[in-house]
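Enquirer: First to last, the sequence lines map onto chains A and X.
For the first sequence, position 114 matches number 114 in my numbering, and the numbering has no gaps at all.
For the second sequence, position 19 matches number 19 in my numbering, and the numbering has no gaps at all.
It is worth saying that the hints were derived from the structure and are not from the lab.
Idealized CB from N, CA, C, for every residue including glycine.
Certain hints may be false.
As the list claims (entries may be wrong) - If you want a taste of the chain A side facing chain X, the calculated C-beta under 7 Å gives, among others:
{"id": "1", "residue": "59"}
{"id": "2", "residue": "71"}
{"id": "3", "residue": "72"}
{"id": "4", "residue": "74"}
{"id": "5", "residue": "222"}
As the list claims (entries may be wrong) - Partial chain X-side listing against chain A, Cβ under 7 Å, derived:
{"id": "6", "residue": "20"}
{"id": "7", "residue": "24"}
{"id": "8", "residue": "65"}
{"id": "9", "residue": "67"}
{"id": "10", "residue": "68"}
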Amino acid sequence: MKSAVIVFPGSNCDRDLAVALEKVTGRAPAMVWHGESALPEGTDLIALPGGFSYGDYLRSGAMAARSPIMRAVVDAAGRGVPVLGICNGFQVLTETGLLPGALMRNARLNFVSRPVALKVENTQTLFTSGYNAGEVIHIPVAHHDGNYQADADTLDRLEQSGRVAFRYAEEVNGSARSIAGIINEAGNVLGMMPHPERAIEPAHGSTDGLRLFQGLLETVNA
Amino acid sequence: MKARVFVTLKPGVLDPQGKAIHHALEGLGFGGVNDVRAGKLIELDLADGTSDSAIEDMCRKLLANTVIENFRVERPENA
Chain A
1 MKSAVIVFPG SNCDRDLAVA LEKVTGRAPA MVWHGESALP EGTDLIALPG GFSYGDYLRS
61 GAMAARSPIM RAVVDAAGRG VPVLGICNGF QVLTETGLLP GALMRNARLN FVSRPVALKV
121 ENTQTLFTSG YNAGEVIHIP VAHHDGNYQA DADTLDRLEQ SGRVAFRYAE EVNGSARSIA
181 GIINEAGNVL GMMPHPERAI EPAHGSTDGL RLFQGLLETV NA
Chain X
1 MKARVFVTLK PGVLDPQGKA IHHALEGLGF GGVNDVRAGK LIELDLADGT SDSAIEDMCR
61 KLLANTVIEN FRVERPENA
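Model the full structure from these sequences, guided by the hints.
Expert: So this is what it looks like as structure tokens:
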């Protein structure tokens, strides 16, 4: 798998994500700077990392979503290339419009940084085939703006079409319907607030994140 | 020429920041505050002749996230 990690000024999980991708795919991802206008030829997975791109100025992910490389990411997503956005990456995906809704300030205004329990809602996606349906996994979150909101029609549509990939199995940030991760209509774009790349070694306290990358590798190579 | 863009959360969208401000006002003993909503003011210094539609385009493409926010543009006369 030829993966690419997009690096924005203020990204801080780009190296963790690169380590996870290399561990699973056996190949180091290309690190692509936000100012680039094209992705490396043959990129078959794009990953948008966590962090605080552009200092969260204006809105989390707002500036990054308008950076030059994102035009190439939106084009690639339209061609069906898998795109994984984690934490700030999820915020960037909603700001580009690749995913519906918005991520707002946590309901209790606190920065939440701890492992949380997540329920895997749909295992029939590019990204979640490594899990069992209804399984509860443990992956850390670390965010201030993770409160997922969308209008009721959008939420209904997401739920009815199996586009809620992960739900919090405990109260975390006030997200509508406890949504922690969603996929786009075509099924090739996943945004999630929890950090699977921070749960890939026993020393992390959980290896539940590893199976996301393994499942992704299997479906992309299949 | 100047324009001021007011970005506010849409009615019905939960505003935790506004709620916290409301709570703090009550803590300071200010009664009679029914609700608080927090928003943003963005001041633009623009080339003369910038059209209303260009400013609206800026709002839609970047300054406001119309999924959750409304915007209003004010262009003071002779500013």
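Enquirer: Determine which of the earlier numbered hints do not hold for this structure and return their numbers in increasing order.
Expert: 2, 3, 4, 5, 7
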